[in-house]
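K.L.:
Spelled out from the first residue to the last, the chains are:
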Amino acid sequence: MHSSWWLTALLLLPLAGVLGVSLTRSRPERARRVALVSVGVEFALSVVVALLYNAHVAQASTWDFGVRWVVSAPLGLAYDVALDGISLALVLLSTLVALVAMLSDRAPRREPAYLAWQLLALDFTVGAFVAHDLLLFFIFFELVLVPSYFMVAQWGGPSARRAAMKFFLYTFVGSAPALVAVIYLGFLHQHEVGGNLSFNYSALSSTVMTSSQAVWIFVGLALAFAIKAPLWPLHSWSPSTYGEAPVAAGAQLAATLSKLGTYGLLRFALALTPLAVKSVTPVVLVLSVIAIVYGSLVAATSRDLRRLAVFSSVAQMGFITLGIFSGSQIGVTGAVVLMVVHGITTLGLFVLIGALERRRGSARLDDVRGLQGAVPVLSGFVTVVAFATIGVPGLGGFVGEFLILLGAFGVHPAYAAVATLGTVGAAVYWLWAYQRAFHGPLSENATGMADASPTERALLWPVVALVVALGVVPAPLLSRVAPSVQQIVAHVTPTGVSR
Amino acid sequence: MNALADPLLSGGVTWAVLLIVLIKVVLAFAVVMIAVMLMVWFERKAISDMQSRIGPQRWGPFGILQTLADGIKLFFKEDIIPAEADRVVFKAAPYLVLIPALVTFSIIPVGGTVTIAGHTVQLQVANPPVGILVMLAMSGLSVYGVMLAGWSSGSKYPLLSSVRASAQMISYEAVLGMTIVTVAMASGSLTTRDIVDAQARGVWHWNLVHLGVVPFVIFLIAITAESNRPPFDVVEAESELVGGYNTEYSSIRFALFFLAEFMNTVTASAMIVTLFLGGPAGWAPHVAYLRWIFPILWFIGKTTALAFTYVWFRGALPRLRYDQVMELGWKRLIPLSLGWLLIVAGFMVKIAYGFAMAAAVIFAGTLLSRAFEIGAQRGPDAVLSPVGDRPVSEENIREYFDDEDDSETPRGEK
Amino acid sequence: MTTLTLPTINYLALAPFLVMAGMALVLLIATALTPSRISTRVATSAAVAAAGSALVITIVQGWQIARHGAQLTAAHSVVMDGFSALATASISSSLIFALLIAHDWEGRERFVGAEYQMLALLATSGAVLMTEANDLAVVFLGLEILSIALYVIIAFNRRRLKSQESSLKYFLLGGFAAAVFMYGAALVYGATGTTNLTSISYFLGANVLVHPGLLWAGGGLMMLAFAFKTQAVPFHFWSPDVYEGAPTPVTGFHASIVWGGAFAAAIRVMVSGLGTQSDTWRPIIWGLIVLSTVVGALFAITQVNAKRLLAYSSVTHSGFIWLGVWAATARGVAASVFYILTYAPTVLGSFAIVALVGGVGDSDHYLVKYRGLARRNPWVGGSLALLLLSQLGVPFTVGFDGKFAVLAASLDAGNVTASVVAMLAAAVAAFAYLRWVASLFAEGDPDVAPLVVPWASRVVIASSVVIVLVFGIWPAPLTHLAQHATLYFQP
Amino acid sequence: MLALTTTWPDLLVFITAAALIVVGALGVISLTNPVHSALSLIITLFGVALSFLEQSADFLAAVEIIVYAGAIVVLILFVIMYLGVDRHPHDEVEPLVGQRVFAALGALVTVGGIITLMAKSHWVTGVMSASMNGTSLSSGQGEITQLGQSVFTTYLVAFEVTAALLIIAVLGAVQLARRDRESEVEQ
Amino acid sequence: MSVPASWYLVLAAVLFGIGVYGFLTKRSVITMLMCVELMLNAVNLTFVTYARTLSDISGQTIVFFVMVVAAAEVTVGLGITVAVFRRRRTTSVDELTEMRG
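Chains A, B, C, D and E, in that order, are what the protein sequence lines are.
Numbering follows this note's numbering, in which position 409 of the first sequence is assigned residue number 403; successive positions increment by one, without gaps.
Numbering follows this note's numbering, in which position 168 of the second sequence is assigned residue number 194; successive positions increment by one, without gaps.
Numbering follows this note's numbering, in which position 200 of the third sequence is assigned residue number 596; successive positions increment by one, without gaps.
Numbering follows this note's numbering, in which position 179 of the fourth sequence is assigned residue number 1046; successive positions increment by one, without gaps.
Numbering follows this note's numbering, in which position 48 of the fifth sequence is assigned residue number 57; successive positions increment by one, without gaps.
None of these hints come from the bench; they were simulated from the model.
You may find that some hints are simply not true.
[Stated by the list, open to error] Computed spacing ranges between beta-carbons, pair by pair:
# : chain 1 : residue 1 : chain 2 : residue 2 : range
1 : C       : Leu421    : B       : Ile278    : 49 to 55 Å
2 : D       : Thr983    : B       : Ile49     : 15 to 21 Å
3 : B       : Pro311    : C       : Leu400    : 54 to 60 Å
4 : D       : Arg967    : C       : Leu421    : 43 to 49 Å
5 : C       : Gly418    : B       : Val240    : 29 to 35 Å
6 : C       : Asn603    : A       : Val202    : 39 to 45 Å
7 : B       : Arg404    : C       : Leu421    : 44 to 50 Å
[Said to hold, decoys possible] Some chain C residues flagged as far from chain D (calculated, every beta-carbon gap over 10 Å):
#  : residue
8  : Phe413
9  : Ala470
10 : Ala519
11 : Gly840
[Unchecked claim] Interface residues of chain D toward chain E, partial, derived using beta-carbon atoms under 8 Å:
#  : residue
12 : Ala886
13 : Leu917
14 : Phe919
15 : Leu920
16 : Ala974
17 : Thr977
18 : Thr983
19 : Thr992
20 : Phe1019
It should be emphasised that the depicted structure is a prediction, and the values quoted were computed from it without experimental measurement.
Even for Gly, the Cβ is constructed at its ideal location relative to N, Cα and C.
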């Protein structure tokens, strides 16, 4: 590890963008330009960081770019950032999503405030991913709520305010016990080693605790993460929120916000409480499997793309948790891959939702027939993205799900089997429905629909390309993620199964 | 200073002691009653003289039994209780006036000490360690009688009168207290016996002289006002308030008020004598077995002189207006007595402190008088600026005076 | 004659009190000696000067304490330690804010004269006295100086009946609470033979009471009174009415200055005096915490009046501060002080805006009035949103740091359940704040003219926002200070 | 102070004081006319003063009468008369069902609890004159002197700050009772 | 000294209880004020009793302060009552209905 200002720059850049946007208050177009530039630079920066990653560190450590600066010793507050493979993947995802989302959202009247919130959301998400300190992560994790709330509440659909409130409260309630768990863990550590309160990740991960303490801490943390993800029984805020969110916000929220939950589960809830794993794994696995089956089925029966995005997310989150808790390195790696892929596909879905809503006023597909004839390119994009979400081989989703199932089969075959069946069933159902909407004669209400515009194509092609690329050559991603994953798995299950 | 101020009780309570106490009580009661009777007569006579009249003369020598005759007459008159009256309070009020006056007398040393059956007996009913505070407490309580008498009558004028009276009494109580503190400070004790003893060494040790004349004057004025005597008898101002708080009273209850008023005069005189004029102290010849009688005579003499002062006040001075009474109390006497207290305290510690304190008091007094002047100019306080240059429109003012009316519905929702 | 040896007095310890009460006297004398009424500007400047000097004095105190340690003075009835210095500093700076808010309010209501400033200074001097009181009698007197002056300024606006009614309610209940407090003090006196907190503590340290019932009863009654003053449930019922009725600048007084005094005294009595008995009183505080946070949050979400909402919100916050008291450790004390220190400017800033929106007559306090405020006055609306988010406990605001500090302290002392409950309640209360924040940004009535923000309010709002943000992101200076806010005596 | 060697006078005094206190207090809460309540309060005050006397707190007994009976209750009576609420006693309707029962229960439980706790603690657990520099109350010395000593040593600060309290009281009373010209506008 | 301190303590507690009961049930502001006075007197009695029991003058000194406070409190309280009464013509707390909710 070596000290470096890269991550700090990554965190300051969107803030500078916010400042720039707020300085151009009266001119929306200029504000948009400023915002776009800062997001673009941010994305470029993250790519540079990705390229620089681990170029100059000993192979033993997966953490890079670390900076630690104690803000308040008695409170244990510290500015402590670092990056490992998993974070790197998600940081890249976040910046990409933000860039595309911002580009795709061309609603006529977008106040600068909206752009500022978007930038802030990006900033906080990146902050959470690069936090190398439990408390700092938690702070960013909480902070993301504020821009999300405002974006949804103020620029969303007719009942957005209510939806945003529901979303905020849901997640806020979840994070209440999490904060308690965070502090509790900090004290366990402090009482063990003395000195000031510290929430440093590396330090905390070696905390000695009893297994019941571990379970309680896990439950406290996991609750918050599970709500944010959202994991199956706690997902009920998501349909209304994503149903009402403006497209760009929806993309940003669905694609990156949910990763905060799964990332937190993997990085903190799981890795900091190895002793809890044994007792909580069955529960999480059951929930994951239920989520997969339930999410897939609901997603497959929904012709509304927003609803599809929501429930396929639920299913995918099920896969991710299944992977995380499979206890095998392959499974966890798969989970990380799936996080990235899910982010990209969700982004694609929301870009499509935006496109459809511009044309038809809504993203519903159940009242149209034979769209393939009218808007072949758009239909093609829908197909690819949808296939990716249900894990059709050759696409990114497949790699993730495959790895997860592979990992899970080795350890918990029964769960894996059910999960597989669930997806297969859903795929069948989905294909059948797809046939109705896209094949056959064109229905009247779809005539006159324009096909994808150049901008839309310019945005969607890279998405599709990425999905395909990740499906075909996942190696660059895997090679960066795997060592970090291995460290976590090794920490959680010292004698662990690794295949 | 002794914890046990009364040597009589130091040896424990025996039957003899109880008997002595009982005798003292009865004796004091009798003496007070007779004194009151004489006081009434004395006042009527003296006033008559001042006004070139003759005054009572039928009953007894020089009409000395006139009071008794009046009492008997009143006793046989019809006892009227107004329909609107609060009966219990109405009946109780006269006693509430009388009792404090009587109790106050119990702490006044009328003479030195005598030895009866081996017991040293002080010639005063009681000598509690808190001494002079009893007088303050009683003057505080005497407010009730007046106040309740007026209130319970269920009539407008008595009520007004009683409110006036009680306000006046409370105000002057503060002055009294402040002067008493000065005296207590000089004597280093609160017991009346110690106060008297401290003055026993000669006229120059009398508090009248010892403390400067000011406290004496203040006390004299204050206690006159406290007992609603002329020229501070605004509560009974016939021209304004019919007859005062006891307008509705008749028969024996009225007599009780009357009694109380004169008893207060006697007590007040005795109290001044005790506090400022050395009480029973005075020259006494060596006469075997009768040495104890001279202090008593001195006491009676001094008290009579003061009682005459009261009568003189009544005969000579016009009645003050009510607001003048209150102003005198609050704006003159209270600051003055407080200032004098501080000066005396300063001198008691060190002469230099005394002068410094005097300077400070004079400075404060100047400021105070300036403040009074300004206060008098300013008139009643106005919170808003005068209507002429008000930038707020009349409508707005309406609105914000009305803000209480729309309590339930938020304004914005209309 | 017996000689009297006066105790030595360290006037530095009493200086903040003396400065404030002294300035009140000066204003009183000036009022009497000037022919025209003193202008609000002069009165405010004088009072702010006094508060500012008190603030400076606390810095000197802190310096002295750092060099020579904490000390008892005036026959051990007053103590000067880091805790009192910091609490006094918090109270003094809150007073500056409160005075500035009141300055604009007096201008709007066209009040002239220095009465308000005098009473505010006197009330604050009572709170200051409470922070450094080391004797139950002094605590009581401080409490009463604070309360009685407060009754008057709550009823200050003679044109508003609400103001007087709420003052009456507060007065009656406050008198009741004072009597209860004193009865508790009497019982503690009987149980320990002294009213001096240090002596009480020594006594309890040196003697094990076989039958501590008397002490329990006394401590319990005193705690009841503290709970009343700090708006802890179930003794909070007066607070919404008083918040609604009191003039808005006075409302700001409550959660800053009154709390400063009341919590300081509560901490000193409970931790310094009865610290050895913490096992006994902790369950009571536990109940207070759980009830305050939950009830406060539940009622806050149903309110339609901004001031009532803030009243219930402060009930919740009170529960949080009690969390720090519950811990009864150095960390807990520091956390509570930190919370008060940061909550005070937050709530004062909020009330500055509420007072502005209330307008002439100080009566428009319904939440509907706030619709679109952020669109009409972006800076004011944004500030209010930030202040509310801080009360909600969003990270990078002082609200989060404060909650974090007390939670840390209470968890450190092993109070997991109450901490979880408090956090959940805070999440529920979030609804109330959010609804308000949302309405700030909603489309408002276009006919409503933007607010005019006078300079004093501007100063208050700006500084509270700066404090909330700067110390929210970088709380180190304040936490550092709070760490030195140790009690003179802690068993 | 009466140094009595026999016990029955003490008992008698106590019984009298207790009777005065309880009767007076019950009167305060049961009489409907506020003036009668106030008078009843005076009875209680006398009982308290009497019990002070009995417990060798003569000075306080006097002060109790002077301050409470002589000033506070007079003030209360003043206001009652000034407001004219004396002639129309409130009809004592219970606004909340069973409020009295609950209040009685609450008061009973509180008082009972306190008495029980006190009794269990043998009424007093403090050590005689344990205070650090408190002035001990020893017989043979004047009680007033000791009070003075205590006020100017142990409680010096407390004593001095009462000044602030009194200033507030005066200032507050004036401020509250002031009727400004504009308040006539609304009538 | 014969009467045990406990008798006085119980007497004080009873007085306090009566005050509390009255405060909770009475609706007239002035009567409530008087009930607070009852409570404060119970406090005074307790302090004096303990001062005797403990042979410590502090208990008596504090009674002083309680009295001062009582006086100040009554002054201000009655001031507020008068101010409200001027506007409302009632001293019953039930009729203080400006604020609800």
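K.L.:
Hint by hint, say whether it matches the structure.
P.N.:
Against the structure, the hints come out as follows:
no.: 1; hint: C/Leu421 to B/Ile278: 49 to 55 Å; in the structure: holds (53 Å)
no.: 2; hint: D/Thr983 to B/Ile49: 15 to 21 Å; in the structure: violated (49 Å)
no.: 3; hint: B/Pro311 to C/Leu400: 54 to 60 Å; in the structure: violated (43 Å)
no.: 4; hint: D/Arg967 to C/Leu421: 43 to 49 Å; in the structure: holds (46 Å)
no.: 5; hint: C/Gly418 to B/Val240: 29 to 35 Å; in the structure: holds (30 Å)
no.: 6; hint: C/Asn603 to A/Val202: 39 to 45 Å; in the structure: holds (40 Å)
no.: 7; hint: B/Arg404 to C/Leu421: 44 to 50 Å; in the structure: violated (20 Å)
no.: 8; hint: Phe413; in the structure: violated (7 Å)
no.: 9; hint: Ala470; in the structure: violated (5 Å)
no.: 10; hint: Ala519; in the structure: violated (8 Å)
no.: 11; hint: Gly840; in the structure: holds (32 Å)
no.: 12; hint: Ala886; in the structure: violated (10 Å)
no.: 13; hint: Leu917; in the structure: violated (11 Å)
no.: 14; hint: Phe919; in the structure: holds (5 Å)
no.: 15; hint: Leu920; in the structure: violated (10 Å)
no.: 16; hint: Ala974; in the structure: holds (4 Å)
no.: 17; hint: Thr977; in the structure: holds (6 Å)
no.: 18; hint: Thr983; in the structure: violated (10 Å)
no.: 19; hint: Thr992; in the structure: violated (10 Å)
no.: 20; hint: Phe1019; in the structure: violated (10 Å)
Going through the hint list in order, the structure does not satisfy hints 2, 3, 7, 8, 9, 10, 12, 13, 15, 18, 19, 20.
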